[in-house]
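Protein chains in written order, with the working numbering: chain B, 1 to 363; chain A, 364 to 572.
Misleading hints may appear alongside valid ones.
Covered, in the sense of this in silico footprint (three residues per stretch, anywhere, with C-beta under 8 Å from a C-beta of chain B), are these stretches of chain A [to be verified]: (1) 449-460; (2) 484-494.
Under the rule of at most 30 Å between Cα atoms (straight-line distance), these lysine-lysine pairs were calculated in the DSS-like manner [to be verified]: (3) B:Lys350 <-> A:Lys427; (4) B:Lys350 <-> B:Lys291; (5) B:Lys230 <-> B:Lys64; (6) B:Lys291 <-> A:Lys508; (7) A:Lys543 <-> A:Lys554; (8) B:Lys128 <-> B:Lys332; (9) B:Lys350 <-> B:Lys137; (10) B:Lys358 <-> B:Lys204; (11) A:Lys414 <-> B:Lys350; (12) A:Lys543 <-> B:Lys358; (13) B:Lys8 <-> B:Lys64; (14) B:Lys137 <-> B:Lys291; (15) B:Lys230 <-> B:Lys358; (16) A:Lys508 <-> A:Lys427; (17) B:Lys137 <-> B:Lys8; (18) B:Lys137 <-> A:Lys414; (19) B:Lys230 <-> B:Lys128; (20) A:Lys414 <-> B:Lys332; (21) B:Lys332 <-> B:Lys137; (22) B:Lys358 <-> A:Lys414; (23) B:Lys64 <-> B:Lys137; (24) B:Lys291 <-> A:Lys427.
Calculated directly from the structure, the hints in this document are not laboratory data. Bear in mind the structure is a predicted one, so any value in this text is a computation, not a measurement. Each residue gets a CB set at the ideal place from its N, CA and C atoms; glycine is no exception.
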Amino acid sequence: MVVSTQSKRFAALELDCGVTLAPVDVAYQTYGTLNADRSNAILVMHAFSGDAHAAGIDEQTQQKGWWDSMIGPGRGFDTDQYFVICSNVLGGCRGTTGPGSINPATGEIFAMTFPVITIGDMVRLQAKLIESLGIEKLLSVAGGSMGGMQVLEWAARYPDRVASAIPIATTPRHSAQQIAFNEVGRQAITADPDWSDGNYYGGKLPGRGLAVARMVGHITYMSDESMRQKFGRRQREDQGIFEVESYLRYRGSQFVDRFDANSYLYITKAMDLFDLAAGQQSLTAVLERSKTKFLVISFTSDWLYPSYQSQEVVSALRRRNQDVAYIELTSKYGHDAFLVEVEEQSEIVKGFLVRVTKGVNRR
Amino acid sequence: MTPASNNDPFVRDLLGRGDYAIFSEIVAPQTCVLDLGCGDGELLSWLADNKDVDVRGVEMDGAKVQKAIAKGVSCYQGDIEECLADYPDQAFDYVILSQTLQEVRQPLQVLNDMLRVGRRALVAFPNFGHWRVRLAHLFTGRAPKTTRFPHDWFDSPNIHFFTIDDFEILAAREEWHIEKRVFLDGNREVKMMPNLLAETAVYLVRRHR
């Protein structure tokens, strides 16, 4: 399945911070076919460093999508049955408007003049995209990690527009620990002299800082066990360093080629600011109106987004007797599990979506 | 599948289980059911498909939860005793607890919670007063082991050994209203001396108004 990224431009997007971005571009991909009554659309949302290329082989890069194992014919999100959409988030650097975009008001790159964005802003932009595709109600919204935060935001803000929600390895709000790791990443970037207060476009990129930030990230995505198995204390004879060092350096440098340091700053901040229950009495109150069916998934070895955070969402839903299935899948892969544990996730996602589809067709 | 008429003392199986057959007859169509310890969700899946019941399950074992969700059952992975407190009052028409009451730490607490979150509780449990259990205990002088209770005492999931009479006494003390009781020996319905002759008891219980 060869896919290409498409783009839509919207006249304006009002942000939570009060600023209006005008215009706004969204990069997105779709897989499968929208049915006649437009009832089989699933919006999949990427994690922090992902992009719109969720599945198939990208026409330009020839790379597989980040959730290719889950999205495709006969897979968990079966593209023979469902129409799957994935867009790059607001603030991103893969085709959607972000700090690396030109500010139409000045003709210059936004850089650090880009307004503060939130998970809510990202979701409002996605809602515009979905509307423009002629879809009134999504069969499902799904995603892991930051994608899961967007899933929760969708369910809370647009309860009538999502028949089901699949938040995976995620949280209704970041803990101090999660904010702390993000802050280390941000400090690594801003401490790099090449960052130049964010005005590095066209010049030398803050590659060292961004690479260090990514290295920290990768540590948090793995588990003690998976690192021990993958690297142990093995050394690279040629370089005289541990394999884990070599791996992190490689991942770090690779990241510099595809990710914008300022997007890192803005998107991690959006994650840290996210609090599903903000301004409400409780999480239960936030999700009260929702008739959405939930499938919540967490993983045993995920210490970055530990199961208790998913369980908090589940408890809130159960307090109103809302329809929520929850499973803590056994995995040794840490937070990465949501990208890796394909077989188990496929099985339950399939069964869940069949039930949701039945419910939608009955009405 | 239905419990016996007067001339047919046998209940048929549902999914290989006599108690499931009785549950399936009791549960009214288009109701809302919570099954505590729902396993891989086969009973709930049957109720959803055949009686259009809105089903929810709770199960501790992750592999079973996975199967249940794959079947399209809304299943929650967790501990029965810890999760019940979350549900609002009278959220379900029936709360089912099948062959698990003898395994929970606080049976009375669980039963009271069931009657709080559900209008009715459907409870099936093994009767430790059955004559085979009594004989095994009497003649071996050891913790009884029968085909129905095959476990050694040291690796048995059963931590409470109670009988049909014990349950009746508790129900009277708590002033529960027993709407229906069915006793089974294998697949045969037991009408007389259930505490001695029945292996399994099924109760439909609600609170007095």
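Do the hints match the structure? See the list:
For the region 449-460 of chain A, the proposed coverage by chain B is satisfied: 5 residues have a C-beta within less than 8 Å of a C-beta in that chain, meeting the threshold of three. Check result for the region 484-494 of chain A against chain B: violated, 0 residues qualifying (beta carbon to beta carbon below 8 Å, three or more required). For a cut-off of 30 Å, the pair hint linking Lys350 of chain B to Lys427 of chain A stands: about 16 Å separates their Cα positions. Between Lys350 of chain B and Lys291 of chain B, the direct Cα distance comes to roughly 20 Å. Compliance with the 30 Å bound is thereby established for this hinted pair.
With a C-alpha separation of about 22 Å, the suggested pair Lys230 of chain B and Lys64 of chain B falls inside the 30 Å cut-off, and the hint holds. Restraint check: the Cα-Cα separation between Lys291 of chain B and Lys508 of chain A comes to about 48 Å, which exceeds 30 Å; the hinted pair is violated. In summary, the hint linking Lys543 of chain A to Lys554 of chain A is supported, as the alpha carbons are separated by about 13 Å, within the 30 Å threshold. A hinted pair counts as satisfied when its Cα atoms are at most 30 Å apart, and Lys128 of chain B with Lys332 of chain B does not qualify at roughly 38 Å.
The hinted pair formed by Lys350 of chain B and Lys137 of chain B meets the criterion: a straight-line CA distance of about 19 Å does not exceed 30 Å. A distance of roughly 54 Å separates the Cα atoms of Lys358 of chain B and Lys204 of chain B; the hinted pair therefore is violated under the 30 Å criterion. For the hint pairing Lys414 of chain A with Lys350 of chain B, the CA-to-CA distance comes to about 23 Å; that is within 30 Å, so the pair holds. Between Lys543 of chain A and Lys358 of chain B, the direct Cα distance comes to roughly 34 Å. Violation of the 30 Å bound is thereby established for this hinted pair.
Of the supplied pair hints, the one linking Lys8 of chain B and Lys64 of chain B holds, its CA atoms being roughly 23 Å apart against a limit of 30 Å. Proximity of Lys137 of chain B to Lys291 of chain B is assessed by CA-CA distance (about 13 Å); at most 30 Å being required, the pair is judged to hold. Restraint check for Lys230 of chain B and Lys358 of chain B: not satisfied, since their Cα atoms lie roughly 42 Å apart, outside the 30 Å limit. Restraint check for Lys508 of chain A and Lys427 of chain A: satisfied, since their Cα atoms lie roughly 27 Å apart, inside the 30 Å limit.
For the suggested pair Lys137 of chain B and Lys8 of chain B, the alpha carbons sit about 19 Å apart, so the restraint of at most 30 Å is met. A distance of roughly 28 Å separates the Cα atoms of Lys137 of chain B and Lys414 of chain A; the hinted pair therefore holds under the 30 Å criterion. Straight-line distance between C-alpha atoms of Lys230 of chain B and Lys128 of chain B comes to about 42 Å, which puts the hinted pair past the 30 Å bound. The suggested pairing of Lys414 of chain A with Lys332 of chain B is violated, with an alpha-carbon distance near 40 Å, which exceeds 30 Å.
This hinted pair does not check out: Lys332 of chain B and Lys137 of chain B have alpha carbons roughly 36 Å apart, beyond 30 Å. With a C-alpha separation of about 15 Å, the suggested pair Lys358 of chain B and Lys414 of chain A falls inside the 30 Å cut-off, and the hint holds. A hinted pair counts as satisfied when its Cα atoms are at most 30 Å apart, and Lys64 of chain B with Lys137 of chain B qualifies at roughly 28 Å. A distance of roughly 26 Å separates the Cα atoms of Lys291 of chain B and Lys427 of chain A; the hinted pair therefore holds under the 30 Å criterion.
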